[in-house]
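**Q** Protein sequence lines, in the order shown, are assigned to chains A, B, C and D.
full-length UniProt numbering puts the first sequence at residues 1 to 392.
full-length UniProt numbering puts the second sequence at residues 1 to 392.
full-length UniProt numbering puts the third sequence at residues 1 to 333.
full-length UniProt numbering puts the fourth sequence at residues 1 to 333.
These are computed hints drawn from the structure, not numbers from a lab.
Mixed in with the good hints, there may be bad ones.
Beta-carbon label-pair distances, calculated as ranges [unchecked claim]:
1) D/D130 with B/N234: 32 to 42 Å
2) D/N261 with A/E263: 25 to 35 Å
3) D/E222 with C/K226: 18 to 28 Å
4) D/P172 with C/H265: 27 to 37 Å
5) D/Q186 with A/D356: 39 to 49 Å
When the alpha-carbon atoms are kept at most 27 Å apart in a straight line, the in silico BS3-like pairs for lysine-lysine are as follows [said to hold, decoys possible]:
6) B/K61 with B/K46
7) B/K61 with B/K115
8) A/K140 with A/K115
9) A/K140 with C/K180
10) C/K180 with A/K142
11) B/K140 with B/K46
12) B/K142 with D/K25
13) D/K109 with C/K226
14) A/K46 with A/K61
15) A/K109 with A/K61
16) B/K140 with D/K25
17) D/K180 with D/K109
18) D/K46 with D/K25
19) B/K182 with D/K25
20) A/K182 with C/K46
21) A/K140 with A/K182
22) B/K109 with B/K61
Here's a subset of chain A near chain D, in silico, CB distances under 7 Å, partners left out [claimed, not checked]:
23) M292
24) A296
25) L308
Backbone N, C-alpha and C fix where the C-beta goes; we use that ideal spot for every residue, glycine too.
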Amino acid sequence: MDLTFTEAEESFRHDIRSWLQQHVPAKSLRSMDTADGFEQHRGWEKELHADRWSVVSWPEKYGGRDCTLIEWLIFEEEYYRSGAPGRVSANGVTLLGPTIFGFGTEEQKDRFLPKMASGDEIWAQGWSEPNAGSDLAGLKTKAVRDGDHFVVNGQKTWCSRGAFADWIFCIFRTDPEAQRHKGLTYFLVPADTPGMERNPVGRLDGEPGFAELFFEDASVHESMILGGEGQGWNVAMATASSERGLNLRSPGRFMAPAERAVELFQRMSEARDERVGGVDPTLRDQIIRNWMNAQAYRWFTFSTATRLMGGGHMGPEASLMKVFWSEMDVEIHATALRLAGAQGELMGDAPDAVDDGTWMDGYQFALSGPIYAGTNEIQRNIIAERVLGLPR
Amino acid sequence: MDLTFTEAEESFRHDIRSWLQQHVPAKSLRSMDTADGFEQHRGWEKELHADRWSVVSWPEKYGGRDCTLIEWLIFEEEYYRSGAPGRVSANGVTLLGPTIFGFGTEEQKDRFLPKMASGDEIWAQGWSEPNAGSDLAGLKTKAVRDGDHFVVNGQKTWCSRGAFADWIFCIFRTDPEAQRHKGLTYFLVPADTPGMERNPVGRLDGEPGFAELFFEDASVHESMILGGEGQGWNVAMATASSERGLNLRSPGRFMAPAERAVELFQRMSEARDERVGGVDPTLRDQIIRNWMNAQAYRWFTFSTATRLMGGGHMGPEASLMKVFWSEMDVEIHATALRLAGAQGELMGDAPDAVDDGTWMDGYQFALSGPIYAGTNEIQRNIIAERVLGLPR
Amino acid sequence: MQFAFTEDQLLFRDTVRDLLANECKPEAVRAAWLNPTGRVPGLWDKLVDMGVAALTAPEAAGGMGMNEVDLVLLQEEAGRAALPEVLIEHTAVALPLLAELGESAWLAKAAAGEVIVGVGVGSPYVLYADQADVLLLVHEDEVHAVPAADVTLTAQRSVDYSRRLFSVAWTPSDATLLAKGPAAQQAVVDACDRGALAAAAQCVGIAQTLIEVTVDYVGQREQFGKVVGSYQAVKHHIANALIATEFARPLAYVAAYAVANSTPHRGRDVSLAKAAASDAVDKAARMALQCHGAIGYTFEYDLHLWMKRGWALAASWGDASFHRDRIGRSLGI
Amino acid sequence: MQFAFTEDQLLFRDTVRDLLANECKPEAVRAAWLNPTGRVPGLWDKLVDMGVAALTAPEAAGGMGMNEVDLVLLQEEAGRAALPEVLIEHTAVALPLLAELGESAWLAKAAAGEVIVGVGVGSPYVLYADQADVLLLVHEDEVHAVPAADVTLTAQRSVDYSRRLFSVAWTPSDATLLAKGPAAQQAVVDACDRGALAAAAQCVGIAQTLIEVTVDYVGQREQFGKVVGSYQAVKHHIANALIATEFARPLAYVAAYAVANSTPHRGRDVSLAKAAASDAVDKAARMALQCHGAIGYTFEYDLHLWMKRGWALAASWGDASFHRDRIGRSLGI
């Protein structure tokens with residue numbers, strides 16, 4: 001056991017930290033779920049890519065640095081600590097990317113990965129349907145072969161980043177006779193596909209964080225199938241395990257707000273208006289619990305990363321991580337909002353907003369954590385059944 | 001709405017408070033789950049009964065005072081506040097008694113109620129079986145008619161007070177052909193019934209709080225049937241609704257320890273050894289929460305009592321109360337134990353035990369609350385299905 | 001001890017419920033989010049006509065002369081409907097405060113529904129200050145009634161767009177002084193208690209709606225071949241929210257009784273109510289969102305109208321921690 | 001960064017696990033509850049023979065010269081088996097404390113398994129003080145090694161009958177003084193950290209057993225015509241306990257590494273481990289009892305052996321609140 005970082009790891013940390021210090025924009029970008037904010041964030045992706053920081057864990061030939069899992073975790077710690085912009089490329093880089101590495105043809109890798117890395121092509125996820133959320137096997141949107149194309153009819157929803165993305169990765173039912181998770185196929189779909197319309201849907205914060213997609217005889221070429229016709233379930237599960245596992249949420253994402261909440265507590269304790277009373281001491285305990293949880297998640301992750309680097313596989317214990325980070329994230333932001341008191345409800349543009357309203361924004365975003373990528377209820381079933389072996 | 005007590009109610013409170021001040025033993029009785037402690041507690045029941053305080057809500061002819069529900073709640077507040085001994089008669093007075101009032105013949109009322117009130121006959125509950133805990137419909141112990149008697153074979157378990165009780169109220173299967181909750185019959189069984197053996201089982205604290213009962217061709221007379229042959233399920237449900245409702249746990253039971261915990265916090269804050277550090281401020285918040293919950297339970301109960309006195313019925317909302325009081329009770333005691341710190345694990349006879357170890361005793365007792373009388377998981381199902389109408 | 005409302009009180013509650021069911025549907029609240037006032041056009045006048053708006057003003061001043069026990073059920077209805085109005089500020093707080101301080105000019109106009117009174121106690125922000133004709137503001141141990149023309153407002157946008165909050169810059173003067181000294185200070189404490197009580201009742205109503213809409217939704221929505229509401233985990237989430245709400249509700253009524261009767265422990269009773277109601281609505285909001293899944297997370301779906309009102313009111317007029325601390329002090333710890 | 005144990009460490013862990021699986025079955029622990037020592041007769045000698053007892057003593061003193069990273073897995077096993085022994089006090093705390101203070105006479109005997117060293121740091125009570133040959137006790141800024149003959153013991157019975165606790169009356173003297181001043185004080189802090197670390201690891205092991213026995217039980221027990229373990233509420237209770245335990249476990253290993261390497265943040269790392277492990281074992285105990293139902297509530301069933309050990313260890317060597325407070329101070333809040 002050696003829990004100190006190697007010289008190489010320390011040097012890597014130093015490099016990304018310095019780069020971020022020089023490049024992170026002083027002023028926050030507009031929300032990536034507005035048209036201009038989306039392009040601002042695309043610009044930031046290009047800036048990262050220019051110095052090969054956009055996909056550090058990928059091979060060099062696709063724009064990465066071939067770095068180790070540990071280095072990737074270090075990158076993430078530094079990235080979130082620096083307050084750098086959110087990654088508009090995340091659906092592509094962390095969800096689709098690993099799936100293409102696993103299932104894509106060489107042509108597909110060469111076609112899609114470099115532009116994904118460079119920010120030239122931003123991806124959205126198009127899986128859920130109005131009656132199939134966590135239950136992917138209930139998907140109904142059909143893709144029927146017609147020569148070398150497929151004709152798609154149906155509807156997708158909760159397509160995050162879908163309003164402005166360039167490409168969407170979707171799962172369609174190519175064999176309507178097959179039941180449940182058979183007969184599904186994974187497709188890569190250009191956003192300008194004729195016959196596909198997209199309709200922005202507002203998230204809690206009112207920005208069009210999602211889109212609904214309507215397919216009416218939309219045509220997608222067979223070369224856009226990832227992993228083979230009828231293999232959609234297997235390919236999707238591989239993506240889902242990325243989603244639920246290490247790739248989805250690195251500890252750096254939670255260490256940063258947990259530490260900022262400690263600072264907020266310090267500031268509030270000093271600045272508190274005496275008429276309103278001191279800062280509630282029970283909030284201190286909760287701030288500490290949240291900070292502890294971020295540390296626990298960090299070390300659990302380093303332990304898992306060591307195992308994976310030694311040839312291990314990510315199993316159903318990924319569900320432990322998903323439940324843990326998503327509930328921790330809600331709690332970190334809820335605590336900060338309680339600290340903010342009457343200011344907690346203020347939006348970022350309110351003059352009195354604490355930390356530019358980032359806690360309320362973050363809270364609303366965090367609330368989606370226990371829902372998406374398989375609700376936490378489903379994750380707990382998985383833990384009970386597949387980790388502990390309880391009967392279905 | 002009038003939330004002040006009437007003069008009659010205040011006078012009633014004054015009477016019982018004065019009586020308790022004069023009669024509550026200065027030294028705690030031995031545990032009622034030891035042989036001599038049981039008899040000490042029986043003696044206390046006789047003392048209560050001598051001044052008509054043992055069954056205040058019952059009619060005068062059976063030893064009661066015909067008092068209102070509100071007065072009964074006042075009695076309970078004063079009783080628990082005074083630190084009076086636990087009621088060894090509780091299974092009889094609060095569970096079986098109301099059932100006899102509801103389903104008993106006049107002969108049964110005259111035969112059983114006065115001796116139940118006087119402490120001459122202490123009752124235990126014999127419902128659960130090794131494979132039927134919360135699931136009463138799974139009961140297997142058989143009672144087969146043979147003339148004017150029934151021949152009983154089978155086993156009961158978790159029979160609380162069963163080690164020393166004089167009588168036991170049981171449910172047996174009288175129609176072995178009938179499925180689930182049909183074909184059950186409610187019996188009143190003398191503890192000295194030939195063919196019945198009892199085997200004490202220790203609770204968490206090691207005292208024989210339960211008994212297992214083994215029936216081998218035990219004979220019970222048909223006059224001991226309560227509510228009619230084959231009616232056991234209906235009669236049991238009436239008892240269970242007493243159990244789950246007002247009769248099971250009065251607010252006074254929780255107000256008293258919640259207030260004692262406030263006093264404990266005051267004492268600990270003053271006495272705390274400086275080397276060990278001050279009292280954790282988060283415990284103060286929890287102490288306050290517990291006290292609040294006891295108040296909430298109190299007012300919920302007064303509101304319910306007003307409704308019942310106006311002719312209303314106790315419905316499935318009794319499950320709300322059972323979940324609430326049982327979890328509050330655990331939390332009250334768990335908080336006090338945390339306050340006690342390293343002294344928390346000490347038993348009552350340890351010289352350093354805080355409050356004679358009553359918090360650890362109470363904690364262990366409280367832990368049974370979310371389990372018995374229908375686990376809290378089952379109560380939450382009932383709330384969802386019968387209060388809110390969610391599908392089974 | 002008679003813990004029940006009168007037939008009249010329940011009838012009035014039903015009448016208001018019917019009005020709001022018609023006039024304050026979710027689409028009306030949603031429209032208020034985006035209109036210039038944040039309120040439902042014309043609805044306040046109807047509440048004035050029904051006597052709700054000036055319920056708490058003395059009859060001598062032209063009000064209904066009713067008290068907090070009468071009002072608490074109506075605040076609960078306001079919460080159920082997510083009513084975007086000044087029913088806390090104007091009705092529950094301002095009118096009794098003016099009466100307690102012996103003010104009569106503004107009170108008469110307010111009771112008649114001619115003016116709206118904003119209040120700057122218990123919070124750094126004044127809700128709907130832009131629409132108030134006069135603001136009750138505190139400076140040291142003084143209470144002032146400041147005409148709208150004499151204040152400068154800065155909008156502070158809330159996550160609940162219908163809550164038009166403002167910080168207020170103003171200069172105390174003898175012309176605006178209503179009262180000062182211990183009596184004024186006590187009046188401010190009482191005003192905060194009335195605000196917290198009203199907010200608690202609204203929180204209970206909001207929590208109830210959150211539970212009801214969730215029960216409806218999960219009773220229809222299917223996943224994995226089963227109705228979502230038949231899953232035990234979903235049932236237990238909702239049951240937990242219901243328990244919190246049902247045990248908070250009587251505390252709101254007790255607090256109303258205590259305030260209406262000026263009992264010695266009214267402050268503590270109000271704190272009990274507000275702490276429990278804040279926690280209940282927070283729990284109900286978390287539960288409702290989780291049980292709805294992604295649809296609950298969208299702006300187009302109604303759920304967030306109650307959820308955000310719940311967040312805002314849970315934190316207003318003292319959050320749960322503030323009130324628990326106050327209870328602790330009253331218990332000597 | 002290489003967060004993994006060596007093959008040798010895992011092998012040693014497996015050897016100890018096998019020993020305890022044979023020699024420290026629940027019936028042996030139950031017997032220890034009622035015997036005069038509270039310990040399993042003969043078992044300590046076997047642990048001495050295996051090198052476990054003196055694992056942490058320097059090789060020069062006749063020990064194994066191993067460190068907390070080697071020990072932490074064994075403490076976890078001790079927790080899994082609810083081993084009633086002095087593995088925290090003697091092995092994890094006393095031997096390193098004697099070594100740190102440069103004491104050699106007692107250390108050599110302790111390392112050889114000839115004497116048992118009791119410790120009076122981090123708690124008002126000394127576990128198994130009646131069986132210790134010498135007790136390490138603190139007076140102001142001094143550490144003393146006091147022979148058993150020179151102390152007066154008062155038994156303090158624990159809810160875990162195997163934990164024989166005593167308060168100790170004694171008189172400091174030059175003859176017993178080992179060290180004083182800042183170095184002694186630092187040594188006491190280090191000793192408390194080692195005790196908290198060892199207790200944390202045991203708590204993780206206890207929690208794991210509580211989860212395992214519950215999974216076994218609910219996988220077989222039927223109610224309402226279904227295996228209890230197939231109910232979603234039961235599954236989620238167990239899943240929650242598992243999450244708490246699995247995220248506490250790496251923190252125990254990190255703390256072991258920090259103590260073994262005397263890192264600057266070792267105190268905070270220990271507090272992280274102990275706070276998380278205390279909470280995990282409390283949660284696992286509640287879950288286990290609830291999922292077992294009435295049988296778990298009985299003295300005759302084994303569950304309470306782990307449950308009560310868990311309660312006791314969660315509160316010993318600083319409970320979760322104490323350690324969270326310490327973390328807060330290290331974070332400057």
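**Q** How about A/L308: closest beta carbon in chain D under 7 Å, or not?
**A** violated, 11 Å
**Q** Could one say that the CB atoms of D/P172 and C/H265 fall in the range 27 to 37 Å?
**A** Once the Cβ atoms are compared, 52 Å apart, the range 27 to 37 Å for C/H265 and D/P172 is violated.
**Q** Between D/N261 and A/E263, does the beta-carbon spacing fit 25 to 35 Å?
**A** Between D/N261 and A/E263, where Cβ atoms are some 29 Å apart, the hint holds.
**Q** Given the hint that B/K61 pairs with B/K46, test it: the Cα-Cα distance must not exceed 27 Å.
**A** Holds, because 17 Å separates the two Cα atoms, which is no more than 27 Å.
**Q** Measure nothing beyond the straight line between the CA atoms of B/K140 and D/K25; if it is 27 Å or shorter, mark the hint as holding.
**A** With Cα atoms ~34 Å apart, B/K140 and D/K25 exceed 27 Å; violated.
**Q** With respect to the beta-carbon atoms only, verify the hint that D/E222 and C/K226 lie 18 to 28 Å apart.
**A** holds, 22 Å
**Q** Holds or violated: is the Cβ of A/A296 closer than 7 Å to a Cβ in chain D?
**A** holds, 4 Å
**Q** When you check the alpha-carbon spacing of D/K109 and C/K226, does it fall within 27 Å?
**A** Cα-Cα ~68 Å, so violated.
**Q** Do the alpha carbons of B/K142 and D/K25 lie within 27 Å of each other, as the hint requires?
**A** violated, 38 Å
**Q** Do the Cβ positions of D/Q186 and A/D356 conform to the proposed distance bound of 39 to 49 Å?
**A** Roughly 44 Å apart at Cβ, these two residues keep to the hinted range, so it holds.
**Q** Does A/K109 pair with A/K61 here, judged by a C-alpha cut-off of 27 Å?
**A** holds, 10 Å
**Q** Between the alpha carbons of B/K61 and B/K115, is the straight-line distance 27 Å or under?
**A** Between B/K61 and B/K115 the Cα gap is close to 12 Å, so the pair holds against 27 Å.
Checked against the numbered hints listed earlier, the structure breaks hints 1, 4, 8, 9, 10, 11, 12, 13, 16, 19, 20, 25; every other hint is satisfied.
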